[in-house]
Structure formats: structure tokens, C-alpha cells
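S.K.: Here is how the chains run, residue by residue.
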Amino acid sequence: MKPRKVKGLDPDGPLAENACRIVEVRLAELRSFAPRALESGEQETLHDMRIAAKRLRYVLEMSEPAFGPTAAEGAKVAKRLQDLLGEIHDCDEMLPRVRAHADTLRAQDAAALHEGAAGAADLDPAAAREAPNRARYRGLESLGTYLTARRAVLFDRFVQRWEKLESTGFAADLLDGLSPPEPAPAARADGAAA
Amino acid sequence: MAKALPIPGLNPGTRFADAAAAAVEVRAREVFAHADGVLDTSDIERVHDMRVATRRLRAAMEVFAACFSKSEHKRLLREVKALADVLGERRDPDVAIDALEGIAAELSAADRPGIGNLVDEIRRGQGRGNDRLGEALERLAESRLEERLIALAGTARRPAATPAGLNGSEPA
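Protein sequences, first through last, are from chains A and B.
Number 194 marks the last residue of the first sequence (my numbering); no jumps.
Number 366 marks the last residue of the second sequence (my numbering); no jumps.
These are calculated hints, taken from the structure and not from any lab test.
Because the structure is a prediction, the values reported are computed rather than measured.
There's no promise every hint is true.
With a cut-off of at most 20 Å between alpha-carbon atoms, the simulated SDA-like pairs for lysine to any residue come out as follows [claimed, not checked]:
#1 A:K5 to B:S265
#2 B:K264 to A:G144
#3 B:K275 to A:R4
#4 A:K5 to B:G348
#5 A:K2 to B:L271
#6 B:K268 to B:G348
#7 A:K76 to B:A198
#8 B:K275 to B:N324
#9 B:K264 to A:G13
#10 A:K79 to B:A253
#11 A:K7 to B:A259
#12 B:K264 to A:K76
#13 A:K5 to B:H267
#14 A:K5 to B:E266
#15 A:K79 to B:V289
Taking the hints into account, I'd like the entire structure generated from these sequences.
M.R.: The following block contains the structure:
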């Protein structure tokens, strides 16, 4: 996923101001994926959200000298989210691999039984007892079931975590904590407070 | 996992391009400091440390992209991404094998042969990943990527003030 362009960066400007602009864009990018990710749980959107969390985390880690603990805390939140989405991604990556491996073993077994029955008019069901990979299917089925269920558990946890982050106003808190302090109001000519 | 080295001299008022130069320089040196022994398959942490350092470098290059010449930045970022890809190809099987062995240990004995067979297949991919990483490291040395990254970092730094009389004109 290509990152959104950050406008108005000034290489000659201060780190804090530029970093603030980048964090704003990266945070908005992360939040933009949430509605679809929560509703569909689809692999691609969750993956994009993970990349967005990673980009937010890195800019916050790099801005720590400019923003202090607010950036460090924001980076931790982004990392926890990235890690959780990473665990879901691992299930999404491993599941097709497990299924493909089981399919390969089945195809190898079918080929072996076919070869063993050369010239026969039909195949005796007892031949399946001799399939070379017969002891391997069960573990792959159990693994597939486990990964499917684990993915669902992790997705539930992701939904809860995201809803909690939004309901506690993490985005607004982060941006408030990063905004450079307002300049002190100029003293009025008559000496009274503005 | 190795902790990231601090970037010296950064504060809120640091010129953005000077922060870029410092960050890219430190992160580039960090990547190559982890290159020794990375092909040793008996120590899976080495490849992990180099991969993490590569991710940090890539992140610094992306965050500070506005401070560098577009074409050179793009070319070097592409090379860093390619390095990250081969490190990933080598590292991902370690992670997958570790996870699968952990799951297999919790399942019944009857379930283990299937998972063990899948682990064997992944291990074969691990060897191929190591070969590709070895080739990539050789190419990196030939292409002097580290030096070119340090040079890129230097282009963002504010030029030092020119001493009087050395800016092409004769002193009065």
C-alpha cells in the first residue's frame, strides 16, 4: 500500500512542526481503514491497516526527541495494534499454505494408488489404507481448524481494542499531545492581560 | 532483538533536513553492523536483527523523503526494500517453523506427522532463502550501498558556513 502524500513539509523547518504534519496524515490514514476492516474483516484491508499502524509507529518513534512521552506512548499503542494485526495476517498466510500442502499430499497419494492399480478394472477401497501420506492428513486438518478459530478469536480482540481506542479518544489525545505549544499571548501595550 | 541506536542531537527545533541526515546515517550504519554472520542458520537472531535494522532504515527514508533528491532517494529506497525482501524470505520460515512446532507440541501424537511434514517442506524453502540472501549480500558489497546511503544522508545536511575569503572571491 502506497502511503498518502504529506503536503507542506519544509526541510528547513523544525523537526516538531514537520513531524506533526506527518503524524496527522498517518493517523488519518490508519483510521480510514477501520470501518471496512471492522465490518468485513477481510484480509487485504486488515493488512493495509497493519501497514498504516506500522508507518504511524515509526514516525512517532522517530519524533520522540521532539515530542517526548506522548510520542513514545502513541508509538506503543500503534505497535500493539500492528502486532495484533500481524498475528491475524500470519493466520491468513499460513491457512492457504496448510490447505495447499494437504492438497499436494492427496494428489501424491491418488497418483500412487493409480499407479499401483495399473491395468485393474476398478480400485479396491482397501487400497486407500496403503496411501503413503495417509497419516499426515489428520494433523493438517487439525492445524487448519485451529488457525481458522484462532483468526476469529484474534479478530474479535482487534475489534474490541479498536473500539476502545476510538471511544477513549486516542487520536485526539495523541494530536493534542503533539501540537507545538501555543505562543504566549503578546502583552498588551497598557500592561493588562489580553 | 537489538535496540535501535539513539539518533544524536535531535530536539524539537532541529532543522528537519538535519534530522533526516542524522537518522538515515545512523540507521544505515546499523543495518551493515548486523551483516556479519547473518548467513549462519544456527543463529536465527542475526538475520532478525538485520531485518529489523533494515525496516528502521526504510522507515527513516520514508519519513524524511522530502529532504532528499527524489531520484537518488527512490533508487536507494528500492535497493533497501530489495534487501528487506530477501531478509524476509530467509527469516519468515524461521518464524513459521517455530510457530508450527509450538502448535504441534500441544496436539495429539496422531496429529504431529502432518505438521512435521509441512515443517520439512518449509525448511527446504529456508535453504533457498539463505542462498538468495548470500547472493544479495555479495551484490550489496559490490554496489557499496552503505557508502551511497551515507552520501545521500550528507546531501540533506546544511552546508557548513563558508569561511570568509574562500567563497570564490578574493578578500578585499
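S.K.: All hints are to be evaluated individually against the structure, with a verdict given for each.
M.R.: How the hints compare with the structure:
1. A:K5 to B:S265: Holds: K5 of chain A and S265 of chain B sit about 17 Å apart, inside 20 Å.
2. B:K264 to A:G144: Judged against 20 Å, a Cα distance of about 46 Å means the pair is violated.
3. B:K275 to A:R4: With Cα atoms ~18 Å apart, K275 of chain B and R4 of chain A stay inside 20 Å; holds.
4. A:K5 to B:G348: Violated. K5 of chain A to G348 of chain B sits at ~24 Å, over the 20 Å cutoff.
5. A:K2 to B:L271: holds (13 Å)
6. B:K268 to B:G348: holds (16 Å)
7. A:K76 to B:A198: holds (15 Å)
8. B:K275 to B:N324: holds (17 Å)
9. B:K264 to A:G13: holds (19 Å)
10. A:K79 to B:A253: Holds: K79 of chain A and A253 of chain B sit about 14 Å apart, inside 20 Å.
11. A:K7 to B:A259: Judged against 20 Å, a Cα distance of about 12 Å means the pair holds.
12. B:K264 to A:K76: violated (31 Å)
13. A:K5 to B:H267: Given that 20 Å is the threshold and the Cα spacing comes to 16 Å, the pair holds.
14. A:K5 to B:E266: holds (19 Å)
15. A:K79 to B:V289: holds (19 Å)
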